[in-house]
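Participant: Residue-level listing of the chains:
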Amino acid sequence: MSPSFNDPFAAMLALQRALDSRLESDWMEGGTAGFGGYPLINIFQQGDDFVAIIELPGIDKNELQIEAKESAIRISGKKTANYDKNASMHRRERLFGAFDRTISLPLQIDADAIRAEYREGVLALFIPRAASEKPRTIRIN
Amino acid sequence: MTEQELQVQQKREIETKQESTVPVRSFMPVTDIFETDQALTVVLEMPGVSKESVEVGVESDVLTIAGRIDFSKYNGLQPLYTEYNIGNYSRSFQISSKIEQDGIKAELKDGVMTLVLPKAEKAKLRRISVS
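One line per chain: the protein sequences are D and S, in this order.
The C-terminal position of the first sequence is numbered 141 in the working numbering, with every residue numbered one higher than the one before it.
The C-terminal position of the second sequence is numbered 131 in the working numbering, with every residue numbered one higher than the one before it.
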């Protein structure tokens, strides 16, 4: 799926529909610690490898830990508010607190080569597939 | 004291009275609003929105914030398993004329937009000393 329409709305709609179509899909084989834990995670395939995209607005990078072992990835941290204590709150919708979530991918990954990027409140994890998992091209003699 | 565990908040979709011509979904940014003696501060969560793609405007005492996400970043990514959807953000608030509308300051950091709306001189609290 790579929408290459000129109409940006059509491309956006195609993306939203594609995301919907894989909502809680069974690809993870129950490998997440239950659906719905914070933070919510989207997982994509990019060529042979995987990309996990996680919305984590307003997190201090120093308060975010990412650990990987075998095919499990753990994301934990803390989201804190630093509002003026003398301010009177009119509307309070943002949630703060600690989070800890582990996902297990249903295949072998190269845990040492995972790359993380945190930009504009979105965490992207680039997860390479383990060499042993990569498909081999079989040459025909 | 044990720390509070962060709960998941489902994104709220924007519902409009009119039906839009394209069935693209937009979301309402989660917002905190607080007031001090000096200003009203509006804090909105808009993950994935860059400084270049956010618009803030005040018209007829209505503060409108709109943020667009760069969905071209998703080119070449094939979804396997998803838990949330993405879309542009927008939200409006009725503000009183007690706000110094020209003095509104906006800052966007890590997907969180902070708008500081300074109070007009006449709206500031005066402390009256009792002699």
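It cannot be assumed that every hint is accurate.
Derived, one-sided and incomplete: chain D residues facing chain S with beta-carbon distance under 8 Å [as the list claims (entries may be wrong)]: (1) HIS90; (2) ARG91; (3) LYS134.
Calculated directly from the structure, the hints in this document are not laboratory data.
Heads up, the beta-carbon is just placed ideally off N, CA and C, and yes, glycines get one too.
Participant: Each hint should be assessed against the structure and marked as holding or not.
Facilitator: The hints, checked one at a time:
The interface hint given for D/HIS90 holds, since its Cβ lies 4 Å from the closest Cβ of chain S, which is under the 8 Å cut-off. Because the closest C-beta pair between D/ARG91 and chain S is about 4 Å apart, less than 8 Å, the hint holds. Annotation: interface hint on D/LYS134 violated; nearest CB of chain S at approximately 17 Å, more than 8 Å.
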